[in-house]
Amino acid sequence: MRNIAFFQEKARKVRREIFEKYVLLQQGHPGSTFSMADIAVALYYGNFVRRDPKSSSKFYDKVIVSKGHATSCIYPILADMGVVSAEDWQNWGRDPSVLRVFGNVRIPGVDATSGSLGHGLGIAAGYALSFKRRKSDQRVFVVISEGELYEGSIWESLLFINHYQLDNICIVLDRNDLIILGNTESCVRLEPVKDKIASFGLKTFECNGHDFGELLRAFEQMTDAPGPTCLIARTVKGKGVRMMENKPQWHYWNPMSEAEVELCRKELQ
Amino acid sequence: MRHQRDAFITAVFEGAKANKDIFLLSADFGAPALDQFRDQLPQQFVHCGISEQNMVDMAAGLALDGRQVFCYAMAPFVSLRCLEQHKCAAGVMNLPVCTIVAGVGLGYADAGPTHYATEDLACLRAIVNSHVVTASDAEVARLLAVDAMSRPKFSFVRLDRQPCPDLTPAIRLEDVRRGFRIMRRGKRLGIVTHGFMLGRVLEVLEQSAMADVAVADLIQAKPISNDFVDFISACNRIVSIEEQTPCGGLGSAVLEALADNGMVKPFSRLTLPERYFSENGGRMKLLELGNLAPKNLADKINQLLDG
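Protein chains in written order, with numbering that gives the first Met the number 0: chain D, 0 to 268; chain G, 0 to 306.
Hints were generated in silico from the structure; no laboratory data involved.
Quantities reported herein were computed from a predicted structural model and do not represent experimental measurements.
Treat the hints with care, as some may be off.
What the hints assert, rightly or not - Below 27 Å or equal to it, Euclidean Cα-Cα: the simulated DSS-like pairs (lysine-lysine) are:
#1 D:Lys265 x D:Lys246
#2 D:Lys131 x G:Lys19
#3 D:Lys131 x G:Lys16
#4 D:Lys134 x D:Lys195
#5 G:Lys294 x G:Lys284
#6 G:Lys152 x D:Lys134
#7 D:Lys53 x G:Lys19
#8 D:Lys195 x D:Lys131
#9 D:Lys57 x G:Lys294
Stated by the list, open to error - Selected chain D positions facing chain G (Cβ under 7 Å, derived; list incomplete):
#10 Phe101
#11 Arg105
#12 Pro107
#13 Thr112
#14 Ser115
#15 Leu116
#16 Ile122
#17 Ala124
Where a beta carbon is used, it is the ideal one built from N, C-alpha and C, also for glycine.
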């Protein structure tokens with residue numbers, strides 16, 4: 000097993016690289032991307048998302064970033080693993096590239112087009128049901144945001160996932176507490192989230208979404224569990240850059256001075 | 000008299016026996032043919048609960064794994080309630096998800112306006128990549144299923160609720176593939192209609208001495224085929240007749256075809272009015288209230304022929 004320092008260094012690299020792309024593009028969703036960066040690093044570099052034995056440029060398991068505005072979080076990882084080409088990664092923001100801020104299925108390694116909230120979980124359920132009926136042991140990892148919990152479709156999907164006992168689905172809820180207008184509990188209350196999801200019959204886990212020891216342990220337990228699972232990963236929106244942390248306005252990119260850019264770079268080293 | 004839904008689903012059942020990648024999903028909507036399917040092919044059937052949104056998203060996931068998926072539910076709900084799922088899941092990724100929209104128009108007349116599918120054609124036509132077809136009899140429905148399985152695509156198949164006789168001339172697969180069939184030939188007036196209203200139009204014409212009137216069963220309202228453009232170009236004037244509200248339906252589709260092909264000719268349309276009906280009395284009564292009863296059709300056609 001890789002040590003924690005390995006994952007921490009990968010996570011720093013992911014944040015650094017995606018930050019530079021956002022600076023170049025002058026757009027992106029750094030708050031949400033940095034919030035789930037450690038989750039993505041743990042999933043991929045922890046080998047929970049298994050490579051396709053028939054093709055080194057593909058994965059055997061599926062990953063859906065249902066919070067589509069944060070899909071770019073996985074691009075540096077996909078490029079590092081050779082799934083997204085070095086050319087596409089280098090060109091993004093400068094020259095023609097398949098990459099976009101929001102993910103779509105034309106991008107290698109992106110298993111569903113996402114953007115509008117509340118669709119990814121249902122799509123994941125379709126993949127998972129198909130795998131089970133093929134008697135395939137493929138898994139689906141789906142990262143959802145707490146903002147998506149306001150969409151009724153999510154709860155329809157949870158009902159379905161439990162009824163069909165889709166034990167090949169691992170849901171990761173990136174719970175950073177913030178939606179665009181503020182804290183979820185003062186906007187429209189979501190808590191107790193864990194109880195609500197558990198009441199639908201899913202085995203729920205909870206961890207610090209920036210602690211690799213906890214994330215890796217949770218993913219091991221989830222992939223071994225007999226039924227569908229959901230991890231509530233407690234995260235910080237904008238994690239890794241102080242001027243963005245817990246700041247709802249950094250859901251979107253904001254204009255930054257050169258000094259601010261340099262400060263962010265320093266913090267991301 | 001046959002039910003369109005049973006003709007369609009029976010054809011899908013036959014196809015699914017040979018193709019294990021064909022899946023049929025239902026949001027708690029039934030049919031005798033569906034009972035046969037779920038009894039004999041349980042591994043290819045999925046009960047989704049009364050959850051149209053999840054059904055369509057889930058259908059997209061199945062399609063992404065290589066399945067050919069049919070979603071089945073009551074027309075008003077499987078069209079509009081999950082409209083964004085059609086767009087964002089199936090449409091944006093252009094996946095082979097075929098939604099069976101059962102009970103279009105005023106088919107659920109006794110249930111009231113929540114159960115009418117009188118805006119669905121406009122909404123579904125507007126989604127990029129969509130193919131939208133309407134059955135006017137059970138044989139059309141059967142052939143639409145055959146075509147859907149042989150050419151999987153993102154599509155909506157609009158079926159009527161009531162059993163109906165097969166219309167003459169009998170539909171052929173080639174008609175389905177070019178998107179329309181010609182029921183009568185003529186030049187003075189071209190009537191473009193489909194679904195339940197086609198039968199009503201033919202009844203009116205059979206009981207009158209109207210001559211030189213062409214009738215097209217516009218099965219595929221999107222995309223419009225070049226052959227259909229040729230059909231309307233050969234008519235001196237056109238009237239469209241539909242069981243939908245005024246905005247964006249069949250009449251709009253015909254107008255778009257005229258405009259896109261630089262054709263200027265007299266055009267009229269008969270639609271439901273811009274209101275919901277809560278009155279009792281059944282479908283024909285509501286059509287009467289909406290000025291789409293046989294008498295209204297006859298009057299309008301005569302007026303156009305005299306004009």
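Evaluation of the provided hints:
no.: 1; hint: D:Lys265 x D:Lys246; result: holds, 19 Å
no.: 2; hint: D:Lys131 x G:Lys19; result: holds, 14 Å
no.: 3; hint: D:Lys131 x G:Lys16; result: holds, 19 Å
no.: 4; hint: D:Lys134 x D:Lys195; result: violated, 30 Å
no.: 5; hint: G:Lys294 x G:Lys284; result: holds, 12 Å
no.: 6; hint: G:Lys152 x D:Lys134; result: holds, 26 Å
no.: 7; hint: D:Lys53 x G:Lys19; result: holds, 24 Å
no.: 8; hint: D:Lys195 x D:Lys131; result: holds, 26 Å
no.: 9; hint: D:Lys57 x G:Lys294; result: violated, 64 Å
no.: 10; hint: Phe101; result: violated, 11 Å
no.: 11; hint: Arg105; result: violated, 10 Å
no.: 12; hint: Pro107; result: violated, 14 Å
no.: 13; hint: Thr112; result: holds, 5 Å
no.: 14; hint: Ser115; result: holds, 5 Å
no.: 15; hint: Leu116; result: violated, 10 Å
no.: 16; hint: Ile122; result: holds, 4 Å
no.: 17; hint: Ala124; result: holds, 5 Å
In summary, the numbered hints that this structure violates are 4, 9, 10, 11, 12 and 15.
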